[in-house]
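Given the coordinates of chain A, assemble chains E, P and V onto it according to the supplied hints.
Number of protein chains: 4
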Amino acid sequence: MGNNLLQGKKGIIFGALDDKSIATKVAERCVEEGATIILTNAPVAFRFGEIQKLAEKLNCEAIPADATSMEDLEDLFSKSMEILGGKVDFVLHSIGMSINVRKKKAYTDLKHDWMSKTFDVSAISFHKVMQTAYKMDAVNDWGSILALTYIAAQRTFPDYSEMAESKALLESFARSFGYHYGSRNNVRVNTISQSPTMTTAGSGIKGFSEFFGYADKMSPLGNAPAEACADYCIYMFSDLSRYITMQNLYHDGGFSNMGMNPSILGMDG
Amino acid sequence: MGNNLLQGKKGIIFGALDDKSIATKVAERCVEEGATIILTNAPVAFRFGEIQKLAEKLNCEAIPADATSMEDLEDLFSKSMEILGGKVDFVLHSIGMSINVRKKKAYTDLKHDWMSKTFDVSAISFHKVMQTAYKMDAVNDWGSILALTYIAAQRTFPDYSEMAESKALLESFARSFGYHYGSRNNVRVNTISQSPTMTTAGSGIKGFSEFFGYADKMSPLGNAPAEACADYCIYMFSDLSRYITMQNLYHDGGFSNMGMNPSILGMDG
Amino acid sequence: MGNNLLQGKKGIIFGALDDKSIATKVAERCVEEGATIILTNAPVAFRFGEIQKLAEKLNCEAIPADATSMEDLEDLFSKSMEILGGKVDFVLHSIGMSINVRKKKAYTDLKHDWMSKTFDVSAISFHKVMQTAYKMDAVNDWGSILALTYIAAQRTFPDYSEMAESKALLESFARSFGYHYGSRNNVRVNTISQSPTMTTAGSGIKGFSEFFGYADKMSPLGNAPAEACADYCIYMFSDLSRYITMQNLYHDGGFSNMGMNPSILGMDG
Amino acid sequence: MGNNLLQGKKGIIFGALDDKSIATKVAERCVEEGATIILTNAPVAFRFGEIQKLAEKLNCEAIPADATSMEDLEDLFSKSMEILGGKVDFVLHSIGMSINVRKKKAYTDLKHDWMSKTFDVSAISFHKVMQTAYKMDAVNDWGSILALTYIAAQRTFPDYSEMAESKALLESFARSFGYHYGSRNNVRVNTISQSPTMTTAGSGIKGFSEFFGYADKMSPLGNAPAEACADYCIYMFSDLSRYITMQNLYHDGGFSNMGMNPSILGMDG
Chain A
1 MGNNLLQGKK
11 GIIFGALDDK
21 SIATKVAERC
31 VEEGATIILT
41 NAPVAFRFGE
51 IQKLAEKLNC
61 EAIPADATSM
71 EDLEDLFSKS
81 MEILGGKVDF
91 VLHSIGMSIN
101 VRKKKAYTDL
111 KHDWMSKTFD
121 VSAISFHKVM
131 QTAYKMDAVN
141 DWGSILALTY
151 IAAQRTFPDY
161 SEMAESKALL
171 ESFARSFGYH
181 YGSRNNVRVN
191 TISQSPTMTT
201 AGSGIKGFSE
211 FFGYADKMSP
221 LGNAPAEACA
231 DYCIYMFSDL
241 SRYITMQNLY
251 HDGGFSNMGM
261 NPSILGMDG
Chain E
1 MGNNLLQGKK
11 GIIFGALDDK
21 SIATKVAERC
31 VEEGATIILT
41 NAPVAFRFGE
51 IQKLAEKLNC
61 EAIPADATSM
71 EDLEDLFSKS
81 MEILGGKVDF
91 VLHSIGMSIN
101 VRKKKAYTDL
111 KHDWMSKTFD
121 VSAISFHKVM
131 QTAYKMDAVN
141 DWGSILALTY
151 IAAQRTFPDY
161 SEMAESKALL
171 ESFARSFGYH
181 YGSRNNVRVN
191 TISQSPTMTT
201 AGSGIKGFSE
211 FFGYADKMSP
221 LGNAPAEACA
231 DYCIYMFSDL
241 SRYITMQNLY
251 HDGGFSNMGM
261 NPSILGMDG
Chain P
1 MGNNLLQGKK
11 GIIFGALDDK
21 SIATKVAERC
31 VEEGATIILT
41 NAPVAFRFGE
51 IQKLAEKLNC
61 EAIPADATSM
71 EDLEDLFSKS
81 MEILGGKVDF
91 VLHSIGMSIN
101 VRKKKAYTDL
111 KHDWMSKTFD
121 VSAISFHKVM
131 QTAYKMDAVN
141 DWGSILALTY
151 IAAQRTFPDY
161 SEMAESKALL
171 ESFARSFGYH
181 YGSRNNVRVN
191 TISQSPTMTT
201 AGSGIKGFSE
211 FFGYADKMSP
221 LGNAPAEACA
231 DYCIYMFSDL
241 SRYITMQNLY
251 HDGGFSNMGM
261 NPSILGMDG
Chain V
1 MGNNLLQGKK
11 GIIFGALDDK
21 SIATKVAERC
31 VEEGATIILT
41 NAPVAFRFGE
51 IQKLAEKLNC
61 EAIPADATSM
71 EDLEDLFSKS
81 MEILGGKVDF
91 VLHSIGMSIN
101 VRKKKAYTDL
111 KHDWMSKTFD
121 VSAISFHKVM
131 QTAYKMDAVN
141 DWGSILALTY
151 IAAQRTFPDY
161 SEMAESKALL
171 ESFARSFGYH
181 YGSRNNVRVN
191 TISQSPTMTT
201 AGSGIKGFSE
211 FFGYADKMSP
221 LGNAPAEACA
231 DYCIYMFSDL
241 SRYITMQNLY
251 HDGGFSNMGM
261 NPSILGMDG
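Protein chains in written order, with the working numbering: chain A, 1 to 269; chain E, 1 to 269; chain P, 1 to 269; chain V, 1 to 269.
Because the hints were derived from the structure by calculation, they are not lab data.
Some hints could be false.
In this list, chains with the same sequence are indistinguishable; a pair is considered to hold if it fits within one copy or across any two.
Claimed, not checked - Straight-line Cα separation of at most 30 Å, BS3-like style, residue types lysine-lysine; simulated pairs:
1. Lys206 <-> Lys105
2. Lys217 <-> Lys57
3. Lys217 <-> Lys104
4. Lys117 <-> Lys20
5. Lys217 <-> Lys206
6. Lys111 <-> Lys79
Quantities reported herein were computed from a predicted structural model and do not represent experimental measurements.
Looking at chain A on its own, in the form it has when it is part of the complex (with noise of 0.2 Å):
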C-alpha cells in the first residue's frame, strides 16, 4: 500500500539479481506505486533463475541484455517500448563488478585489462544506456535516469578497490548526460550514494563485514538500509523531484558528513 506516487509511470530496472538486491526492493516498490516495469540483467544472470520469479511476482516482464552492448541496449529499449506501450519515465542503473576484486588483487599491482572490464561493465554501460535511450528518444519528457553508487568515488576506502574509480566514472557520466538530456528533454539524471548493504555483491568485498560495522558506528542514523533505498529512488522517479538533476545524494545516515564519531573511540559515554 503506496501513495501512488508512479501512478501510469513505466520504467526499467537494470540489475535485481536476487532478494538482497537493492534493484529487487526498487522493483517492488515501484510496483506497489504503481509503475509498469521491465526487469533486466546480463544474460548470464538469468541462469539462477531469480530474475524470472521476481517478474513473476511482479507480474511484469524480464528481458536479458548485456548493458555494455549497444546492440543489446536497443534491442531492450525496442522491446520495452512495445511493450510498455510507449516511452518510458524512469530508468534504474544498479551494476557493478570487478573482477579485480573477486581474484584479490592489490590495488598496487592490478590487471589493466581487467580493469577495463570492470569500468565497462560498471560505468560505461550507463553511458551506453544513456546514448542508445538519447538516440531512440525512448524516455519521456521529464523523465528520471538514476543510477547507484558509492562514496569511494569521493573518499579513499582502500578494499573497495578499482571500483572506487568505477564510481567516480560513473557519477561523471551523470553530470555530464545531465546536461545533454536535460537541455533536450528536461529529463533529469542523478546519482544515489547509498551506506554499504549488505547485498549478495557488497558482502563479496574483503572485510565488509568489519567495514559495514564502522559505517553504522560512524553514522548518526546507522547504515541506511536497501528498502529506505528504494523509497528514495521511488521519490527520484515521481514528479515530485522534477528540479533535482546533475546531484550525487548521499544517502548514508549521515555518513558523508561526518569527520569522527566519539562512538568510535568509545569516547561517547
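Quick look at chains E, P and V alone, frame taken from chain A:
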C-alpha cells in the same frame, strides 16, 4: 489532491510572509498531504495581515515568535504541542534578512553590528530553534528538520553579500545539530539549496532579475520554481527520506554542477 | 637557511601566543625566508610576555590589537605601514576562541551570547582585518592573505562544537573577500585547513589527545606538523602562488580524502 | 635564477610536446630550481623533434615511452634510475587525448572503443605509471607524484566531452594510490586543476577561445597562466609540501569558487 505523504504528521513552518514565500507554498502542500501545521513568523510580520489570512485558508493557527528569542521559541513550541496535541514531526526554517544588503552597503564596507544581526536572524535562529526543540524534547523520533539555503554558501555571488556567510553558518548548524539530534532521536536535519526564487525577499537584492535570468540560462532545466521546492520539502518531511541527514541538497535545475553552459555564450546553435 | 622565498616582503602575523603556536612557527619561517614582519595579538595575550620575547628573537615589532575592534585594526595597519615603510605583502590570521568550549557547554545547550563572541573573535575578525586593509589600501598588489581553519567546517567533529560554525564562517569570508580584493588589487585570500595540532589552544578541547591519535592513524602520512604548516604558509605568501585564490587548502596528511583507513579497524595486517 | 627549491632532486616529466606545453614550462623550472630530470613522451611525439630540442636545451635525456604500456614504463623507470643514479623524487603526469573530441563526435553519440582509448591514454596511464614505480620501488621516501587535471571532473563543460570523465578517473586514481604510496613510502600524490590554457592540446577543443575568455572574465585574477602552474608544480615537488596528499588543488584565479561574476553580465559598473 496529494499523495497522503504526511498523513497524521504535525509540523511548524517558519517564514511564510505572503503569497510568493516558499514557506507559504510548503505550508499549502503540507496541508494538502495530510499534515496539521502551525505557522509562525516575527511579530512585525504579522502586521501585514497576510499570515493570518493564510492561516485561515489552511485552517491552522499562526503564532508570532521572534526566532532570535529563546523565550519566544519556548513559548512557540509549548503552544504548538498543546494545539497539535503532542510533539511535532517536522520543522521548516525559511528565515533570512540582512540590513547591510537592504541598505546597499558594499561588502568591503559592512557595518559589523548589522552583520551580527543578520547572522542572528538568518542563521543562529536555526540553532536556537533546534536547541529549544531538543531541550523540550519537542520532536518525535525520526522527525525531520529543514532549512532553506542558497549556493552562495559555497561560491561567491557578490551581490548576495553577507548572506553568503549567513548561509554557510546555517548549513554548518544543520550538520552539527544533525549529529546530536540524530544520535538521540533519529531526527534528521538537512538544508535545501534552492534556485534564485522571485519572492519578496529575493527581489530585494541588487541586480536580482539579471542574476535570475543568468541562473535560469545556466541550468539545463531552468531555475527550480518555488512549487517544486515545496514538493522537495514534502518529501523531506515524509517517511520516505528517513536516512537522509546532515546534507545540503541542491534543488536548482542543475546549476550547481554546471561549469559553463554554451547558451550563456550564445554558442548553442 | 631558507630559500629567499620572501626576500623583501613585509607582513603582519596575527595570533602568535607561545612556542607551540602555528603563528609562531610561521613568523620564524617568514624571517628565515627574508621577510620583515609585525607580530600582533590581543592586548591580554601580551601579559604573558611570550610575544615580546618572540619579537625580540625575530628582531621585529609586536603591536597589541584587539582584532574585533576596527579602531585597533586601523591603528595596527597605520603603525605597521609606518614601521615597515609601506604597504604589506601578506597577512596571517590565526585566531580562534570559544567560551562555550572552554566552559564545556554541550552543543545542544550553548549560550548564544557566548556564541556571538566566539564568531566575532574567531571569524568576523577576519572580515574586519580585510575590510580595514582594503579601505586603507594597505596591501600591495598581488599580496596574499591567509587564515588557518579546520575541516570541522565541512564535517562534524562533535567536540569541536561551535568552532565548526566559526570556521565555516571564516572560510566563507575568505571566498567572498577574495573576489573583491582579487578584482581590485589581485590580492589573493585563502585558508589552510590544518591537521589537529598540539598547540596550547588545541589541547584545551575535550578528548583532544584521543582525537589527535585518531586523525593521525586515519591519515596515510600522519597528522601534518605545525612546522610543515608554516612551510605551506611561506609558499602561499611567496610569488609562486599568485593565482591560487578563494581556496580552502587541506594540509592534513591525506585525512580529508580518507573514507576509512584499515589501520583504524586494526585490519592492516 | 630560482630559489634552489629542488636542489639535488631527480624527476621524470611526462607530456612535454612543444613550447606551449605546461610540461615544458615545468621541465624548465625544475632545472632552474636545481633538479635533474628525464623527459618522456609517446614515441609518436618524438617525430616532431621538439622534445629532443628541449632535452638538449635543458641538458637532460629524453626517453620515448608509451604510457599505456607496462613494458615501456618499466623500461623508462629502469633507464631513468640508471641515468639519474638512483630513485626519483618526483613525477609529473601531463597526458590527455580524446579521439572522440578530435573527431568532433557529440557527447550523445560517442564511439565507445574510442572512449576506452581516451581513458587508457589520459587516466589509466596514471595508474600504470604509479603501479610501475611502486613495484620497482622507484620513488624515494617523501617523493611527490603530480598530475594535471581540469575542473570538468567536477562540473559540466559540454565541449570538454568525455575528457570530463577522464579527469574524474585521473583524480580518483590520485586519491586511491595516494593512500597506498603514502602508507608505504610517505610518497604524496596530488592533482593540480589548472585554468584553461592556450596549449596545442587545449586549442584543439571546439569553442576553446570563447570559453577561455569566459573563464578569464569569471576569475577575479583571470586565468592562471602556464608559467604560474609550473611554479605550483615546483612547490609540490619541493620539501615544503610534504604533508599535502590525495588533494585536487585548484589553480585557476578563483574560478572554481565563483558562482557568478558581475563582469559576465556586464554589471560591474
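Status of each hint after checking the structure:
1. Lys206 <-> Lys105: within (11 Å within a copy, 40 Å between copies)
2. Lys217 <-> Lys57: neither (36 Å within a copy, 46 Å between copies)
3. Lys217 <-> Lys104: both (26 Å within a copy, 24 Å between copies)
4. Lys117 <-> Lys20: within (24 Å within a copy, 36 Å between copies)
5. Lys217 <-> Lys206: The answer is both: 19 Å in one copy and 20 Å across copies each meet 30 Å.
6. Lys111 <-> Lys79: Between. Shortest inter-copy distance 24 Å satisfies the 30 Å Cα cut-off; intra-copy 37 Å does not.
Consistency with the previously given hints fails for number 2 only.
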